[in-house]
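Following the hints, position chain H against chain G.
2 protein chains.
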Amino acid sequence: MDNFMIYLPIVMAVIGLAFMLYKQAWVLKQDAGDGKMKEISDYIYEGALAFLKAEYRLLTFFVIGASIALAGISFVVPTTHILIVVAFVFGAIFSAFAGNIGMKIATKTNVRTTQAARTSLPQALKVSFGGGTVMGLGVAGLAVLGLTGFFIILFQVFMKGTWTSTDDMTIVLETLAGFSLGAESIALFARVGGGIYTKAADVGADLVGKVEAGIPEDDPRNPATIADNVGDNVGDVAGMGADLFGSYVATVLAAMVLGNYVIKDMGGSIQDAFGGIGPILLPMAIAGFGILFSIIGTMLVKISSDDAKEKQVQGALNVGNWVSIVLTAVSCFFLVKYLLPEVMQMEFYGEGLKEISSMRVFYATIVGLVVGGVISSVTEYYTGLGTKPVLAIVQKSSTGAGTNVIAGLATGMISTFPTVILFAAAIWASYAFAGFYGVALAASAMMATTAMQLAIDAFGPISDNAGGIAEMSELPKEVRTRTDILDSVGNTTAATGKGFAIASAALTSLALFAAYVTFTGIDGINIFKAPVLAMLFVGGMIPVVFSALAMNSVGKAAMDMVYEVRRQFREIPGIMEGKNKPEYGKCVEISTKAALREMMLPGILTIGFPIAIVLLGKLVYADNNQLIAEMLGGYMAGVTVSGVLWAVFQNNAGGAWDNAKKSFEAGVEINGEMTYKGSDAHKAAVTGDTVGDPFKDTSGPSMNILIKLTCLIGLVIAPILGGHEAGATTAKASCCVKTEQKLDCSKCDTAMMASMTKEECAKMCDDNGCSAECKEKCMSMYDENGKFKGEVATEEVEVVQEVDTLKQE
Amino acid sequence: MDNFMIYLPIVMAVIGLAFMLYKQAWVLKQDAGDGKMKEISDYIYEGALAFLKAEYRLLTFFVIGASIALAGISFVVPTTHILIVVAFVFGAIFSAFAGNIGMKIATKTNVRTTQAARTSLPQALKVSFGGGTVMGLGVAGLAVLGLTGFFIILFQVFMKGTWTSTDDMTIVLETLAGFSLGAESIALFARVGGGIYTKAADVGADLVGKVEAGIPEDDPRNPATIADNVGDNVGDVAGMGADLFGSYVATVLAAMVLGNYVIKDMGGSIQDAFGGIGPILLPMAIAGFGILFSIIGTMLVKISSDDAKEKQVQGALNVGNWVSIVLTAVSCFFLVKYLLPEVMQMEFYGEGLKEISSMRVFYATIVGLVVGGVISSVTEYYTGLGTKPVLAIVQKSSTGAGTNVIAGLATGMISTFPTVILFAAAIWASYAFAGFYGVALAASAMMATTAMQLAIDAFGPISDNAGGIAEMSELPKEVRTRTDILDSVGNTTAATGKGFAIASAALTSLALFAAYVTFTGIDGINIFKAPVLAMLFVGGMIPVVFSALAMNSVGKAAMDMVYEVRRQFREIPGIMEGKNKPEYGKCVEISTKAALREMMLPGILTIGFPIAIVLLGKLVYADNNQLIAEMLGGYMAGVTVSGVLWAVFQNNAGGAWDNAKKSFEAGVEINGEMTYKGSDAHKAAVTGDTVGDPFKDTSGPSMNILIKLTCLIGLVIAPILGGHEAGATTAKASCCVKTEQKLDCSKCDTAMMASMTKEECAKMCDDNGCSAECKEKCMSMYDENGKFKGEVATEEVEVVQEVDTLKQE
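Residue numbers (this note's numbering), protein chains in the order written: chain G, 7 to 815; chain H, 7 to 815.
Only chain G is shown next, with the shape it has when bound in the complex:
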């Protein structure tokens, strides 16, 4: 293997991780403040670690159980290799490790940001964004390192590092899917569990603290206040990190799978300078370069004036973000030119083989980058402070909580319009440019700047925590003012970050969906078969029920918290006078336990349903794997379409309610009167925000994991339902009859054969795994010169021989 391109992404990943270590050291070197600040920060750090520890314990059981199941599959299905278990375990470990890095740095950065805010705003931004950068590079670096590393190992194991056939590469990539599955499983725990944790702690702390005891937010006398701050890290930092880690890996994997199918469409092998695997290397290369450009982008995020406001801070973030996106676009151009054959053949379902120039792949990557940018604007329009939809919700607050809630729901619902049109256009356009390979590369390009996106995302909760620490430590007002500016920007980036996350999840799922169909070797997914249509319905229902379960989980977990806080207020003497410290640890424990317990049911729903469908299918249609594969595909499509809708609806409704409530802090004009905090309208807006909290922080973001994990499980199950050796496992098999979607190999297509030589036909038979019997039959229709002579009944062949004999006579 003398192919340096395969190692390049690893080099980039290592550079990213090295820069991360450098940045981490810099952040940790910053002043962590004095006594009380340090104490509070330590509580948060320990609480976060306690959650991680409990989560990892549970995860260990899960990983062991899932590994056994995967091992079982690898024994039953000949094309699934036992190495998938190893890949799965490593995927889980890498994802957990990345989460660990993020959570640790976030909980160390918060207090340092508070301390920095005592000096100046630019310094505070530098520290908090530095923490975010560590998180972002940790996630992206580990993702690229793990995925590329495993690919190289598996490429060596199964193919000895040189191209053999698309079938062998399929085994490599199927095994690699284990890595992605491991990562996404951890994301399920981190995102759903984290989402429940953060809102349970938040709501629990507010219900007893603010409402019952009448003490302000972040008051150290509230036993749940540390749990609340831990929650910000658990949900917004670790949850988002694991989510994007999963998306990142899954996207690149799906693009690699589809790259392999491009090679297949081109005749089973190509000649290029990269050992014939250029289309497979491309997504990894884009991801690798994305890390470099993210580093450059993060370096540009800075402000110089201490008098800067939200606008300047947001501007600094935007500069960094856009520079990294533009650089990625430029690099895509060169990478595509360099790595891909100038012209490729791709099979378009229902349209046949088409010639696709490499430039069209580049256009597809541009589609992805544009979607990533536009989705942020759309999200901001529906959820940002002072925008038309948010102001409309504010107005509706004047007639009560009911009208506020209706307006918020309607805003979230209407926001699906531009979002879905954007997604649909992106799917269509990137597919038109370069088939599903184009869709996957659009997603890959969009995800390339994941490190930058995460840095921007993670900086929000860090600043939020910094503000909390300032409050709890009773620091001077200007400190809080500075952290508030950062926090306010953080709120906007949190909303747009969710938009990016669902956009990436949607494109990733589609790419996985495409990979699934090619893996199973089915003729596409026909929803005009009733069982498939039924599964489309069932799939559509899952995100709705999942969301409801997650919302109810928050309610139950919050109630546990309420009882614990009440108990402490009752049983610990002097707690309200500040004479005795509350038992913060107990609340952290309650939140941790409740989050992990309550995420079980949604988790089982996510993992169990695809498996149940396959089992049910096997029960009813034992010998029709094709139909079962289509049913599962219908289910995946239902989950994806409905999941995207519910994610957008819930995220944006929640974001809009949140900012409608926040609008009252500065005062808003309603019916010509200035209205402030404490007014009836404000109370109505608070009710709306209460509804929106689980929407935007628990159930909404969980949809990402739901749709990706569903498609990944489908991909791992795929080999059971057919797999690449289609000839052997599906009912209809083998020679040259060209049906709409693929070469059927059970009979000779005389019309087609008439237009090809014997040699060409033989090659086609081999490529499509025709049975020996069928191939022989087809071959017999050519004469010794390789010319087609038509299908002649045996007696007529005899007659022809006879005439020859007669003539010779």
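Just so you know, not all the hints are guaranteed correct.
Note: identical chains are not told apart, hence a pair may lie in one copy or across any two.
As the list claims (entries may be wrong) - BS3-like cross-link-like pairs, simulated, lysine-lysine; straight-line CA separation at most 25 Å:
#	residue 1	residue 2
1	K624	K360
2	K764	K795
3	K114	K587
4	K783	K795
5	K44	K585
6	K394	K562
7	K689	K216
8	K668	K114
9	K683	K587
10	K689	K562
11	K793	K783
12	K394	K317
13	K394	K343
14	K114	K44
15	K689	K44
16	K599	K308
Rather than coming from a laboratory, the hints here were simulated on the basis of the structure.
Same frame as chain G, but now just chain H:
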């Protein structure tokens, strides 16, 4: 045409209408009470008529516009006949007429029910249910009369009353689709406009009356109170009636279309005692008998004791309902036996031709009847007074409006689980029994008792109105107690009726969807084509945006009402002291105008999107009608799946909130304390109900129309995109190559031809519209004895001739 079975449904319909007239006369003969009661009742009657008048004016324009569009289509598309315009206009007129009957009798029955309630509860039930019966039979009778009548006329026009070919019958049914489209268009106006009207009036009356002026509900001093009562009739009576009229017609039509395809699958014609159209007559016959059994059912609805409570009243309704369902099931058995061939052949996509016994069709009808019954129980479980989910919402009210709203949303969301599983199982099972013909007949059987369902449904708002009149007329308390019992039962039947309506809409849409696919002649709908997948996404988004628009419309219309009521309070002196009468008419006018104005945008969305997709498709894929048809099919599937989910979610959440609020009237135990009306928890529950109102009365029920109309528009557009003369209009055309889903007619399938005689092959060519050239080619492969001799190259044929010559020599 000596076929009495074709006329039988008309006879049944006439019997139904005759019984309706008899019942109408009886109701109108009842005492309409004294001065004030009569006065109020007249106001409501006039308000309702005013709305109808305004609606009809708008409708006239719409019908003219749509007729011109349809006429345009009929000129462009050779297979669409101009008669479709006539059918469309009559469909609209019949539907409007049915709505007219329902609204008039409802507004006449309300005051008579009040008067009857002065004597006894059994008498009040008899009168109110009598009104409902008139409504139910009017809708069902006109639907069957119109549809069957038009079928007979078109059958005469196009086929001279005798079977010719499935293609001719397809033209008959395509033209008949105009009738269904007309009916469903009116339903759009009635359901969506009515839904906006009723909630705008309700919310407007409450906001100024109850909240600002502090006067009770139904107080005659409130200018909007008449509009509020008119709204009950406009939304719940006329809207529901038009909705079910549309479902009824569309279901029977879809079943007829699929019946025609059964005949096609059986070789293009069958021999039976009904001129070879048994499978087409069956759904009409079931509908006809359903009217008779509904009449029997309505006769059984009675109670004897004046001390009866809700349970007994509900029991009486249940007896009538179940008797009509069981009788329908029995009649299905005999009708299926009688009308269908004992064994049929049906094409199962991807599985080929199967032999289906007529009994399996009967099982499919049982599936439909079971779904109709079970869906009511499921709906009642999630929305009924005192059920676990509703009590959970009550409990959550104690912690504020926010938690109440979350609990209600979660309940609605979770309720999609059993509902969708039920639908999916029904689709799967009825398809497994008898293909999509089975699905359509399941829907037909379920809809057969529409008259009974509507009678039960309409009795609710009549009783509600009766109570309002009692209140406004200041009648003795026991009168209100009696009407309250009826009203309370009416609330339950309203919720379960919505369950029935969405179940029927879902099955109807699926049947229409199946009819669409067969009409366009496409190979199913493959969502693994990116443009199709993109349209699935877009389709999924439409119900969400439609719901949001409808909700916002209610808000805007309610605001108009608020300003008008405020104006009257301000400008009319002595209004609050009862010295001067408010201008009820003005409020009615405002509500009417606002409803009709606000329903425009959702209406345009519904009608415009399918058309836009076809235009877009034509622009991009000018020569690929197959792909455009698949795109539209993907859109239809997306709308249906998402629409069903959002309908169930919104209806059940709204119903649950409503009853959670009502629970406080009798008092509920929260955390061990009895809590009543006026408590904080009750106020929180009122907020939830405010959110639920547009959910359950406007946006939720509108989903039915949205999904049905979308699929119907698809069906009408279908001929443009291919149609039954597939050979002429789709790209790939004609002879005997059997691809997965259908007979392709562009080349000869020698493998298949070897197993059939020349005659059989010729017939197959004719049935599938092979080109003359192709047929000739295929025919040339048989020898003069009709034996297959294989495809031989021309020179070889010459050789064979040569050898014959040589031999003779």
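Hints versus structure:
| no. | hint | result |
| --- | --- | --- |
| 1 | K624 - K360 | between (36 Å within a copy, 21 Å between copies) |
| 2 | K764 - K795 | both (10 Å within a copy, 23 Å between copies) |
| 3 | K114 - K587 | within (23 Å within a copy, 72 Å between copies) |
| 4 | K783 - K795 | both (13 Å within a copy, 17 Å between copies) |
| 5 | K44 - K585 | within (19 Å within a copy, 73 Å between copies) |
| 6 | K394 - K562 | between (35 Å within a copy, 16 Å between copies) |
| 7 | K689 - K216 | both (14 Å within a copy, 21 Å between copies) |
| 8 | K668 - K114 | neither (28 Å within a copy, 52 Å between copies) |
| 9 | K683 - K587 | neither (31 Å within a copy, 41 Å between copies) |
| 10 | K689 - K562 | both (24 Å within a copy, 22 Å between copies) |
| 11 | K793 - K783 | both (15 Å within a copy, 21 Å between copies) |
| 12 | K394 - K317 | within (19 Å within a copy, 50 Å between copies) |
| 13 | K394 - K343 | neither (44 Å within a copy, 63 Å between copies) |
| 14 | K114 - K44 | within (10 Å within a copy, 77 Å between copies) |
| 15 | K689 - K44 | neither (35 Å within a copy, 45 Å between copies) |
| 16 | K599 - K308 | neither (40 Å within a copy, 56 Å between copies) |
Of the hints listed earlier, those the structure fails to meet are numbers 8, 9, 13, 15, 16, in rising order.
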